[in-house]
Structure formats: structure tokens, C-alpha cells
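Protein chains in written order, with our numbering: chain B, 1 to 443; chain X, 444 to 642.
To be clear, the hints were calculated from the coordinates, so they are not data collected in a lab. Heads up, a few of these hints could be off.
Said to hold, decoys possible - Under the rule of at most 20 Å between Cα atoms (straight-line distance), these lysine to aspartate or glutamate pairs were calculated in the EDC-like manner:
1) X/K483 to B/D158
2) B/K141 to X/D489
3) B/K150 to X/D489
4) B/K150 to X/D627
5) B/K139 to X/D630
6) B/K307 to X/D491
7) B/K307 to X/D608
8) B/K141 to X/D487
9) X/K583 to X/D491
10) X/K642 to B/E409
11) B/K139 to B/E259
12) X/K516 to X/D627
13) X/K483 to B/E212
14) B/K149 to X/D627
15) B/K100 to X/D530
16) B/K149 to B/D136
17) B/K150 to X/D501
18) B/K307 to X/D630
19) B/K391 to B/E369
20) B/K220 to X/D608
21) B/K439 to B/D287
22) B/K220 to B/D158
23) B/K100 to X/D577
24) X/K632 to B/E337
25) B/K149 to X/D530
26) B/K307 to X/D545
27) B/K149 to X/D501
28) X/K642 to B/D357
29) X/K642 to X/D627
30) X/K483 to B/E409
31) X/K516 to X/E586
Values in this document were obtained by computation on a predicted structure and should not be read as measured data.
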Amino acid sequence: MARRSLPVSTGDLTSASPPTEAEFQPLSRDRRSFLRKSVAMAGGALATGAAGISVAQAQALTVPETNKAMGRPIPANEYGMPSEFEAHVRRRRTDVLVNKQNFSDWSMTPLQHQHGIVTPNGVVFERHHAGVPDIDPAKHKLVIHGMVKKPLQYTMNDILRYPSVSRFHFLECSGNTLTDWVRNASTTVQQSHGLLSCAQWTGIPLSWLLDEAGLEEGAKWLLVEGADGSGHIRSIPIEKALDDALLVYGQNGEMLRPEQGYPLRALMPGWEGNTSVKWLRRIKVSDQPWHFRSETARYTDPLPGGKWRQFSMLMECKSVITRPSGGMNLPGPGLIEIQGFAWSGRGRITAVDVTLDGGRNWQEATLEEPVMDKCLTRFRLRWNWDGKPAKIASRAVDSTGYVQPTVQEIGAYRGLYPGFVQHHNGVFPWSVSANGEVKNAIA
Amino acid sequence: MRSLKLVTAVAAALALAACATQPTGTTSSLPAHPGVKYGKAMSDLDADAWNIDIRTSDGRGLPPGSGSVADGKRIYDQRCVACHGPDAKGGSVYGSMVGGFDTMKTDKRVLTPGSMYPYAPILFDYIRRAMPMDSPQSLKDNEVYALSAYILNLNGLVPANAVMDARSLAAVQMPNRNAFVVDDRPDTKAVRCMRDCIK
Numbered sequence: 001m002a003r004r005s006l007p008v009s010t011g012d013l014t015s016a017s018p019p020t021e022a023e024f025q026p027l028s029r030d031r032r033s034f035l036r037k038s039v040a041m042a043g044g045a046l047a048t049g050a051a052g053i054s055v056a057q058a059q060a061l062t063v064p065e066t067n068k069a070m071g072r073p074i075p076a077n078e079y080g081m082p083s084e085f086e087a088h089v090r091r092r093r094t095d096v097l098v099n100k101q102n103f104s105d106w107s108m109t110p111l112q113h114q115h116g117i118v119t120p121n122g123v124v125f126e127r128h129h130a131g132v133p134d135i136d137p138a139k140h141k142l143v144i145h146g147m148v149k150k151p152l153q154y155t156m157n158d159i160l161r162y163p164s165v166s167r168f169h170f171l172e173c174s175g176n177t178l179t180d181w182v183r184n185a186s187t188t189v190q191q192s193h194g195l196l197s198c199a200q201w202t203g204i205p206l207s208w209l210l211d212e213a214g215l216e217e218g219a220k221w222l223l224v225e226g227a228d229g230s231g232h233i234r235s236i237p238i239e240k241a242l243d244d245a246l247l248v249y250g251q252n253g254e255m256l257r258p259e260q261g262y263p264l265r266a267l268m269p270g271w272e273g274n275t276s277v278k279w280l281r282r283i284k285v286s287d288q289p290w291h292f293r294s295e296t297a298r299y300t301d302p303l304p305g306g307k308w309r310q311f312s313m314l315m316e317c318k319s320v321i322t323r324p325s326g327g328m329n330l331p332g333p334g335l336i337e338i339q340g341f342a343w344s345g346r347g348r349i350t351a352v353d354v355t356l357d358g359g360r361n362w363q364e365a366t367l368e369e370p371v372m373d374k375c376l377t378r379f380r381l382r383w384n385w386d387g388k389p390a391k392i393a394s395r396a397v398d399s400t401g402y403v404q405p406t407v408q409e410i411g412a413y414r415g416l417y418p419g420f421v422q423h424h425n426g427v428f429p430w431s432v433s434a435n436g437e438v439k440n441a442i443a
Numbered sequence: 444m445r446s447l448k449l450v451t452a453v454a455a456a457l458a459l460a461a462c463a464t465q466p467t468g469t470t471s472s473l474p475a476h477p478g479v480k481y482g483k484a485m486s487d488l489d490a491d492a493w494n495i496d497i498r499t500s501d502g503r504g505l506p507p508g509s510g511s512v513a514d515g516k517r518i519y520d521q522r523c524v525a526c527h528g529p530d531a532k533g534g535s536v537y538g539s540m541v542g543g544f545d546t547m548k549t550d551k552r553v554l555t556p557g558s559m560y561p562y563a564p565i566l567f568d569y570i571r572r573a574m575p576m577d578s579p580q581s582l583k584d585n586e587v588y589a590l591s592a593y594i595l596n597l598n599g600l601v602p603a604n605a606v607m608d609a610r611s612l613a614a615v616q617m618p619n620r621n622a623f624v625v626d627d628r629p630d631t632k633a634v635r636c637m638r639d640c641i642k
């Protein structure tokens, strides 16, 4: 039985159905005595022996086995992995919306287990359109052509020779939260918001290579194209390319993982994830966008009256409470630190407000440094839970003054319905019942 | 002489980069171009094998060649039917690729090439780069034209005797051609109410 150290049980995330009592079993022995009576009574497996004890009672200490033996020796070579007791912290393939194949598919980040603003590389979310290619960096090439004075070719060694730049930025899929516009479809925040990650990216400004190739007069757009089986491709306005776009090879201190575009990807800070084209092999400059399938049939937003909003690449200001969040159980009344993430594709987060009463009243949460441009920002609020049912949610404000809307406010401008609707940045409430169960309360 | 040239080049690069990195005045500013250049010159011909993008609004980039609806059906039944089903009505891994034009104002929008491609050359660009999913970039241009013709015919957009080439494919009128509008967000205007916000 795995041990957990958090005072909040996080449930198991294997299914889209509400967590069962069994999924809350993996609590350490000493945690059980903290459980409120009602929870202990409800969970058959837990209601053994000292059921009903509500006062914390520590046990006499014994010397643990680990003090009495040598640990594992240091191997000659190793890539270190998380503790075996953290095996529940996994990226998981989408299971609320299940695709019929797993090549053009996605997997989601366990945000409820993330400490701090950086997502560990092994759990950064994935969205591929034809699976993950394994590319030999010695053979990989990047080409820049089209409306440039000098078409150029680069090897990875060429790109690695430049001075480098490192930046922290979030990455969010335009489809994040799309299962939960009008239905409480997701159980956990991993399912509802897990197409979101944040990393320190290392590479070079895209503008450097464009300067080198020399933009021709009239150059307004460029395409970025991947070396994967889908040849994934997007049109990018030249302003973005010259502003903060990067070509990155590093992620959180190591080379990109294959599933993140190894050996080279575009990074369009603050824009929907699929514009940060992975396995980048080609950039072509032009005077117009191309209107690829990825810009009409996908990654567009339905509006009332049968229209579709196109090239809506910016990810607007959004936030979510990750603790407590769906599938967790509060151990009992008392101090709960509410924690969550806020981010905006337009700039910095300037404030996050939290409601405890379903949006009637709000109070400002504390933002934890560092607060960076187009980056996940941590917020915290100490909450003295009185044990009564509550509805909690967060609302972020960014440096442009934009205030995160509710789903109802978004619905006044766009066509929302169960289906494939992108760009859900709505306020996301969780309900807390008297027995401490936390549930999705979007609808 | 040599060093003077280099200095001028660096200064020019820096000046270029300085204006290049902040055209929209956002909060981020990236370091200036270091003045080194590691790209290798090539001709546009060297990129020929990779040069597969089509500007779909007018078909620029469509290659020579052609293909008929009948050929398209034959190829489809060999290479595509397993995943997309007979007559592209939906198969083991993907839903229908036919119809849905008039579902756009309903809350059950059916997304197909017919309903969601404002320009017919999107079919050519996408099939050539990404399909068949188990063997992308294996089709010849004539085959891609034929498959485009077949899928357009199944959508009722070209007749059964149609032949698609660079000119005819770009000329097909797609039903939702004018359905797409450019991003005009922010659309919402939420305010930061703190007290008694639910009336």
C-alpha cells in the first residue's frame, strides 16, 4: 500500500467516473486517525478499529528499517526516476473524451500533484497528430525559405553554436477543459485542466534566423512545419515571429523529450500549444496565411450564427484551483490552504481572487514569486473551513486588465455546447460537501 | 578592412534585431542578434522535396497532375476505407467525412471537409502530408488529386465525372467559404466584482 504525505487524499485517476471509496484507501495508518467520523464510517475499509476517533493521537516511535540498513548503492550510470511511492503521479491519456486511436491523441498533466510552477518533463502534457517520431539530431535539418533574400539550412550543431536564451513559459492546448463547458464531465483537475504545463525553455530567438535569411518586403506570415507523420503545420504572423517566438532545444535543463519535439521545436509563448510546432523542420515566409486544415477544420471557435473564429491563437487569462480539487477529500474542518495556478497569454498575472461561496463574494489570494510573463503563477489562500458545504473557485486578472470570465459570460459571445469547442478559460468551481468530498461544479 | 566590415555587419545586425524584437511592444525583450551566422546557403530547389505546402485560398503550390473521382474511389477503397469506412461515412478510427454543411447553426455541428474547409485545396494539402495515416507522404500527386475529387464528390460538391487538377480544385466553391472570421478577442468583458456579485 503506497503512502501519501499530503493531508488531502488525491484519489486515483484511472477512471472518468467519480472516485470510489477504494481509491481513497491508500492513506498511511497515522492519517486514518485524522479522518472525520463520517468519512471513516462511510469507507468500509477505513472504518476498522478506532473508527470515530476525531482527535489526533500520535503513536510511539520505533526505529525504521531504513535506519538499520545501507540504502541502494550508486549505479555507474543512471537517469534518476521518482520514488516508487509516487507511481500515481502519471501523465494520463485523455479518458473523458476517448479517441478511437492513440496517434492523433493527447495525454494530460497531473496538475493536482505539481509542486511549484515547473512541470517535470516526464509529465508535461502531450498532443500529437501522428504519434511520436524518434529523430536522430545528427540527421535533423531546419530550412528557412520562401520570401527571404537567402534561403538557409541549419543542422542541430549549427543551432547549438549560437548563444542561447532561457525563458519560463506555460504551454496550454487550445482544447484544454473542452469536455467541461456545460457538463461536469471531468472528475479531476488532471482531466479538466491537464492540457497545461510550464517549463523553462532554452534555445534561440526565431528573429535571429529570420534576420539572417533576410525578410523580403511584404513578408507578413510564415509557416512552421514538423518532421512528424502528420507534417503538422501552422501559419504564424510575422509580428509574433519577430516578437517573442523561440526555437527551443532545451526544456527544464535537458534536451527536449521526444514527445516534446526532440531535437527542435518552435515555441510561441502564450499561444495555443499546437502553434509551438514540434520536430520543427521547415519555416517558409509568405505574404498571406495558408489556411491549413489546422486553421479551419481544427483550432477554430464556433460563434453564434454558424460562424467560426479563425487564427485565435492567443490563450486568454485563466486560473484553476488545484488543491483542493475534484476527487479529493478534505480531512475535516480547519485550515486548508487553497492552491492553484493562474496564467495569461497576454502577459503577467496581476491578481487572483478566490470565492468560497460560489461567486457571491471574492477575496484576493496571495501570488507567489516569481510572477513571470506568460508563465504559470502560483496563488495561495488560507481557508478556515467550517465543515459546511462550499463552492470554491478562482478568477485571475492579467497585466492588460483582462478579467477571467465565467462560462456564462463566454457563452454570451460564442457557441458553447457539448462537443469540440476550444478556448475554455472560464472560472472553474469545485463543490465541497459537508463530508469533505470535492467535486466538479462547472454545470 | 576586414574587421571594419565585421563591425559594420554586427552593428547592422544589432540595429535590425533591436527593431525586430519589439515591434508590438510586449513585455518580453529578447537579446539582440549575436552577429554570427551559421546557416548554409541553399537554393529553393534544394528544398523541393520538403516544399509541400499549398496556399489553400488560391491553390498556389498545387503541383501538375490530375485525378478523377473514379480513380479516387478505387484508391480510397484500398488505402483509406479501413479507417474511414465505406463512402467516407465513418469507420474504425474516424467519423464521417461527408455532409454537415447545414449543421453549423445547431448545437450538433458536424465537422467534415465539406463543412469545415472554406477552400478545396485544403484536401490536397492535408491528404498529401498526413494521409493515409499509416503511410503518410506515400501517395503520388495524381492519386492525391483523385482522392480529393472523390471526397468532394461524396460531399456532393463536384459531379461523378469530375477531374481535379491545380486549376479545377482551386475553383471548387465550398459551402462554408464565408463562415470564417478573424480573431477579434477579447470578446468577454468580465468585471472584477468582490462583494454581492450574484444578484
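Against the structure, the hints:
Annotation: proposed proximity of X/K483 to B/D158 holds, straight-line Cα distance about 9 Å (limit 20 Å). For the suggested pair B/K141 and X/D489, the alpha carbons sit about 12 Å apart, so the restraint of at most 20 Å is met. Distance hint between B/K150 and X/D489 is fulfilled; the C-alpha atoms sit about 13 Å from each other, no more than 20 Å. Our distance criterion of 20 Å between C-alpha atoms is broken by B/K150 and X/D627, whose separation comes to about 35 Å.
Restraint check for B/K139 and X/D630: the C-alpha separation of about 45 Å exceeds 20 Å, so the hint is violated. At most 20 Å may separate the alpha-carbon atoms for a hinted pair to count; B/K307 and X/D491 exceed this at roughly 37 Å. With a CA separation close to 29 Å, the supplied pair B/K307 and X/D608 exceeds the 20 Å bound. Between the alpha carbons of B/K141 and X/D487 the distance comes to roughly 15 Å, so the proposed pair stays at or under 20 Å and holds.
For the suggested pair X/K583 and X/D491, the alpha carbons sit about 15 Å apart, so the restraint of at most 20 Å is met. Of the supplied pair hints, the one linking X/K642 and B/E409 holds, its CA atoms being roughly 15 Å apart against a limit of 20 Å. Using a Cα cut-off of 20 Å, the hinted pair B/K139 and B/E259 holds, with the two alpha carbons roughly 18 Å apart. A C-alpha spacing of about 41 Å is found between X/K516 and X/D627, which places the hinted pair above 20 Å, so the restraint is violated.
As the CA atoms of X/K483 and B/E212 are separated by approximately 10 Å, the hinted pair is consistent with the 20 Å bound. As the CA atoms of B/K149 and X/D627 are separated by approximately 33 Å, the hinted pair breaks the 20 Å bound. Taken as a hint, the B/K100 and X/D530 pair is honoured in the structure, with Cα atoms around 19 Å apart against an allowance of 20 Å. Using a Cα cut-off of 20 Å, the hinted pair B/K149 and B/D136 is violated, with the two alpha carbons roughly 30 Å apart.
A hinted pair counts as satisfied when its Cα atoms are at most 20 Å apart, and B/K150 with X/D501 does not qualify at roughly 26 Å. Taking the CA atoms of B/K307 and X/D630, the gap is about 15 Å. The hint holds against a cut of 20 Å. For a cut-off of 20 Å, the pair hint linking B/K391 to B/E369 is broken: about 27 Å separates their Cα positions. About 28 Å separates the Cα atoms of B/K220 and X/D608, which puts this hinted pair outside 20 Å; it is violated.
At roughly 49 Å between alpha-carbon atoms, B/K439 and B/D287 are farther apart than 20 Å, so this suggested pair is violated. Note on B/K220 and B/D158: the hinted pairing is violated, with a Cα-Cα distance of about 26 Å set against a maximum of 20 Å. This hinted pair checks out: B/K100 and X/D577 have alpha carbons roughly 15 Å apart, not beyond 20 Å. With a C-alpha separation of about 30 Å, the suggested pair X/K632 and B/E337 falls outside the 20 Å cut-off, and the hint is violated.
Our distance criterion of 20 Å between C-alpha atoms is broken by B/K149 and X/D530, whose separation comes to about 47 Å. Between B/K307 and X/D545 the CA atoms are separated by roughly 12 Å; this keeps the pair inside 20 Å, and the hint holds. At most 20 Å may separate the alpha-carbon atoms for a hinted pair to count; B/K149 and X/D501 exceed this at roughly 24 Å. Of the pairs offered as hints, the one joining X/K642 and B/D357 holds, with about 14 Å between alpha carbons and a cut-off of 20 Å not exceeded.
Under the criterion of a C-alpha separation no larger than 20 Å, the hint pairing X/K642 with X/D627 is inconsistent with the structure, at around 30 Å. Between X/K483 and B/E409 the CA atoms are separated by roughly 52 Å; this puts the pair beyond 20 Å, and the hint is violated. For the hint linking X/K516 to X/E586, the alpha-carbon distance of about 10 Å falls within 20 Å, and the restraint holds.
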